[in-house]
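Construct the complete structure from the given sequences, taking the supplied hints into account.
So the sequences go chain by chain: A and B.
Quick note on this note's numbering: the first sequence kicks off at 9 and runs consecutively.
Quick note on this note's numbering: the second sequence kicks off at 9 and runs consecutively.
It is worth saying that the hints were derived from the structure and are not from the lab.
Careful, some of the hints might be misleading.
[Stated by the list, open to error] If the Cβ cut is set under 10 angstroms, some of the chain A residues that face chain B in the computed set are:
id : residue
1  : Phe45
2  : Leu52
3  : Ser63
4  : Ala66
5  : Leu68
6  : Leu75
7  : Tyr83
8  : Ser85
9  : Val99
10 : Phe101
11 : Ser186
12 : Pro403
[To be verified] With a cut-off of at most 27 angstroms between alpha-carbon atoms, the simulated BS3-like pairs for lysine-lysine come out as follows:
id : chain 1 : residue 1 : chain 2 : residue 2
13 : A       : Lys166    : B       : Lys41
14 : B       : Lys166    : A       : Lys166
15 : B       : Lys361    : B       : Lys275
16 : A       : Lys39     : B       : Lys166
17 : B       : Lys39     : A       : Lys166
18 : A       : Lys39     : A       : Lys166
19 : A       : Lys312    : A       : Lys301
20 : B       : Lys275    : A       : Lys269
21 : B       : Lys269    : A       : Lys275
Note that beta-carbon positions come from the ideal geometry of N, C-alpha and C, so glycine has one too.
Protein chains: 2
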Amino acid sequence: MDLECASQETVKQGLLARGWPPIKGFSKHVKTKVLEFFSLLIKLGQDDPRRVVHSLKAGLALTLVSLFYYYQPLYKSFGVSAMWAVITVVVVFEFSVGATLGKGVNRGLATLLAGGLAVGAHQLANLSGRIGEPIVLGIFVFLQAAVSTFVRFCPQIKARYDYGLLIFILTFSLISISGFRDDEVLELVHKRLLTVLIGGSTCVIISVLVFPVWAGQDLHNLIASNMEKLGIFLEGFGDEYFKMPEDGESEEDRPFLQGYKSVLDSKTIEDALANFARWEPRHGRFQFRHPWKQYLKIGALTRKCASRIESLNGHLYADIQAKREIRSKIQETCTTISMESGKALKELSMAIKTMVKPFAADIHIENSKSSVKNLDTLLKSGLWDDETDLLEVVPVATVASLLIDVVTCTAEIAESVNELATMLKFEVVEPTVSPEKPETGQPKIGIS
Amino acid sequence: MDLECASQETVKQGLLARGWPPIKGFSKHVKTKVLEFFSLLIKLGQDDPRRVVHSLKAGLALTLVSLFYYYQPLYKSFGVSAMWAVITVVVVFEFSVGATLGKGVNRGLATLLAGGLAVGAHQLANLSGRIGEPIVLGIFVFLQAAVSTFVRFCPQIKARYDYGLLIFILTFSLISISGFRDDEVLELVHKRLLTVLIGGSTCVIISVLVFPVWAGQDLHNLIASNMEKLGIFLEGFGDEYFKMPEDGESEEDRPFLQGYKSVLDSKTIEDALANFARWEPRHGRFQFRHPWKQYLKIGALTRKCASRIESLNGHLYADIQAKREIRSKIQETCTTISMESGKALKELSMAIKTMVKPFAADIHIENSKSSVKNLDTLLKSGLWDDETDLLEVVPVATVASLLIDVVTCTAEIAESVNELATMLKFEVVEPTVSPEKPETGQPKIGIS
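Written as structure tokens, this is what we have:
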């Protein structure tokens with residue numbers, strides 16, 4: 009056997025040495041794939057080092073609960089049931105404290121409730137004799153599985169208690185069925201509950217004490233940084249739109265303007281984070297009943313603004329551009345609107361980040377609103393003469409109306425950030441440098 | 009004890025009978041909540057009766073595997089390990105065949121792989137003596153848990169193999185730790201694998217044979233019906249926009265125009281369905297390697313079109329409406345564009361539904377394109393005189409440019425549906441009634 013293996017090995021090495029093409033090609037392909045995979049893993053770790061920490065925490069939690077097997081006195085009291093502590097750690101330990109707590113509480117309560125009901129079902133089934141017992145148990149298992157599975161379709165319940173219902177079905181079935189073979193049902197329930205509690209609390213303790221990741225903090229940062237991304241786009245938009253277009257320029261040439269795109273798809277992650285955050289206890293500047301719903305409201309308004317910005321972005325790369333003369337007439341006003349809305353959004357983002365009452369944002373919004381009035385006057389006063397082609401006015405008119413929409417959105421965002429500031433009693437800090445006062449009076453007419 | 013309970017009961021009933029306000033209010037509140045919950049459940053069942061069937065199927069699968077406990081010969085060969093069949097059924101049984109198959113395959117392969125590696129780890133640990141063994145095992149458990157947890161962050165792996173990795177961590181930990189107490193590790197792995205296979209195949213068989221729900225079929229229908237919803241909006245848009253606006257009218261008055269809204273948020277569900285569909289074997293008109301990616305492409309284009317329609321919808325209820333005279337000038341052309349794009353989308357939707365090559369869609373798109381040319385001419389020929397306020401032209405110009413965008417989107421959708429038709433060799437059926445031919449030549453000028 010050993011000789012055979014050795015000779016096969018020699019043949020293989022011979023083939024490899026001679027560079028048998030299919031093997032060489034295949035091994036090269038595998039090598040590339042493996043290298044790609046490793047560089048992807050390294051990138052994942054660099055993007056968010058908390059991922060590495062989380063993996064180590066998961067390993068630690070699992071190693072800790074496995075002591076139940078290794079340490080004789082512990083093993084004596086739990087025996088094979090210690091397995092449930094291990095299972096609980098594997099499935100309950102999640103990235104954020106909120107997700108871990110939510111799953112832990114779901115699992116604990118569901119085990120308690122299902123265990124209690126299963127004991128009742130076992131007692132009832134016991135009354136029906138040795139032949140009737142499996143039939144009665146079967147009916148119970150069928151009914152609870154069907155009803156609980158159906159209830160899981162309910163969206164409100166699915167969002168928060170889906171995992172609890174799954175564990176309810178699991179525990180009820182296992183305990184009531186086991187009861188048929190093992191009459192110590194109460195002890196079974198007791199051990200199960202205890203091991204689940206031990207596993208669950210190991211997860212929660214490690215997740216809270218060792219470099220905790222708070223879903224609430226993440227949601228807070230996400231909302232602020234999304235707003236900042238829109239601000240960056242708006243600050244840069246005016247200059248980009250009105251500068252002399254260069255041939256062959258495309259989206260890739262202005263990466264700083266593409267940050268807003270991730271905002272459009274952020275609903276799912278925001279909802280998930282808010283769901284987890286609701287389970288989290290007081291931490292840092294966040295209370296237990298922090299107004300997470302208000303964050304979701306701000307997030308929705310930010311996305312609405314982002315969809316307008318998506319349309320504006322389309323106009324940066326449109327094939328049909330308005331004539332230079334027409335564009336230059338509204339250049340200054342539009343650039344001011346865009347710039348001031350951008351500044352307002354960045355201010356609001358900073359206000360959320362530092363939890364300080366937004367001070368200058370209202371002034372920037374007033375500035376942009378008064379520029380909108382100027383734009384109105386400009387559009388009314390007639391931008392064109394009889395020879396102007398309406399087709400050349402349309403893109404400019406569309407950009408103008410989108411910018412007006414953006415100002416409305418920004419004002420809405422500011423209002424809901426102010427609501428948040430009132431709810432959370434944001435600090436009031438006098439700024440050291442005061443921003444420019446709103447412009448009023450005569451509309452400024454552009455280069456013309 | 010019994011007496012005490014009874015007396016408490018009497019007091020309670022007495023209070024209830026006298027209608028003690030807080031209790032009365034509370035019980036009324038609970039009653040309302042319970043009734044609401046039940047009517048919600050009934051609605052869930054009526055919306056999709058397959059949910060009821062699925063719940064019954066889940067109950068059936070669970071009752072079937074519990075036979076391993078009730079039936080003596082089966083229990084003899086598996087003993088307590090039969091528990092794993094029950095656990096597998098509870099966690100693997102999902103709504104669609106694809107999701108069930110995906111989870112089942114993940115669980116089966118992960119158990120096999122982790123079981124094999126755990127046996128190896130057990131042998132290695134055995135070499136290090138009674139004291140060294142738990143240390144070596146602990147190191148193995150820690151390392152595999154940390155590495156596997158980290159790999160789960162990789163998005164490509166998370167999408168398809170997240171559950172497999174979870175089961176890998178679970179099985180490896182359980183078996184290598186159990187090995188410390190139980191030297192029959194091979195038998196343990198063997199029993200675990202067998203029971204997981206039995207549980208998994210019970211799920212797959214029931215999910216395929218009893219009223220199967222195919223994720224692929226659902227994705228197919230979803231894509232077609234989303235397209236139809238946009239078509240319905242566009243067919244109705246022209247008449248709604250140009251009709252005499254009535255005071256106080258709002259979105260609620262035109263429910264038939266609101267169907268498109270669900271299209272905007274359909275990305276998550278489309279991605280999930282495509283992910284499940286990839287696991288599904290040939291069924292009906294769908295093969296194993298059906299081009300699901302092409303469906304996702306069509307879905308993305310449909311969403312792009314829906315975002316334009318969202319903007320159009322905003323103009324139906326805008327505060328500033330264009331002057332009637334200006335609107336009436338482009339009424340006929342815009343109505344034609346909207347109507348023809350709508351018809352094209354409905355044709356394309358029907359083509360996907362029936363898997364018949366779209367026949368009339370191209371003609372409708374040609375019609376809408378030639379109307380776009382008419383609109384261009386109309387805009388160029390000058391819609392206004394010197395006294396026209398540009399602010400009154402802007403809304404009309406914006407609607408016109410959005411409609412032009414919609415035509416482009418529709419053409420893109422048609423192209424990708426045609427690609428799908430080629431990939432899947434859609435049937436060619438000659439229609440019985442031929443639609444109108446494209447209009448060419450002189451642009452029609454509206455009412456003016």
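Hint-by-hint comparison with the structure:
1. Phe45: 8 angstroms, holds
2. Leu52: 5 angstroms, holds
3. Ser63: Holds, because the Cβ-Cβ distance from Ser63(A) to chain B comes to roughly 4 angstroms (cut-off 10 angstroms).
4. Ala66: Holds, about 4 angstroms.
5. Leu68: 7 angstroms, holds
6. Leu75: 8 angstroms, holds
7. Tyr83: This hint holds: Tyr83(A) lies near chain B, its Cβ roughly 7 angstroms from the closest one there, short of 10 angstroms.
8. Ser85: Cβ of Ser85(A) sits 14 angstroms from chain B, so the hint is violated.
9. Val99: 7 angstroms, holds
10. Phe101: It holds, given that the least Cβ distance between Phe101(A) and chain B is near 8 angstroms, below 10 angstroms.
11. Ser186: 7 angstroms, holds
12. Pro403: Holds: closest Cβ of chain B sits about 8 angstroms from Pro403(A), inside 10 angstroms.
13. Lys166(A) / Lys41(B): 18 angstroms, holds
14. Lys166(B) / Lys166(A): This hinted pair holds, its Cα atoms lying about 21 angstroms apart.
15. Lys361(B) / Lys275(B): 20 angstroms, holds
16. Lys39(A) / Lys166(B): 22 angstroms, holds
17. Lys39(B) / Lys166(A): 22 angstroms, holds
18. Lys39(A) / Lys166(A): 43 angstroms, violated
19. Lys312(A) / Lys301(A): Holds - the C-alpha atoms of Lys301(A) and Lys312(A) are around 17 angstroms apart, at most 27 angstroms.
20. Lys275(B) / Lys269(A): 15 angstroms, holds
21. Lys269(B) / Lys275(A): Holds, at about 15 angstroms.
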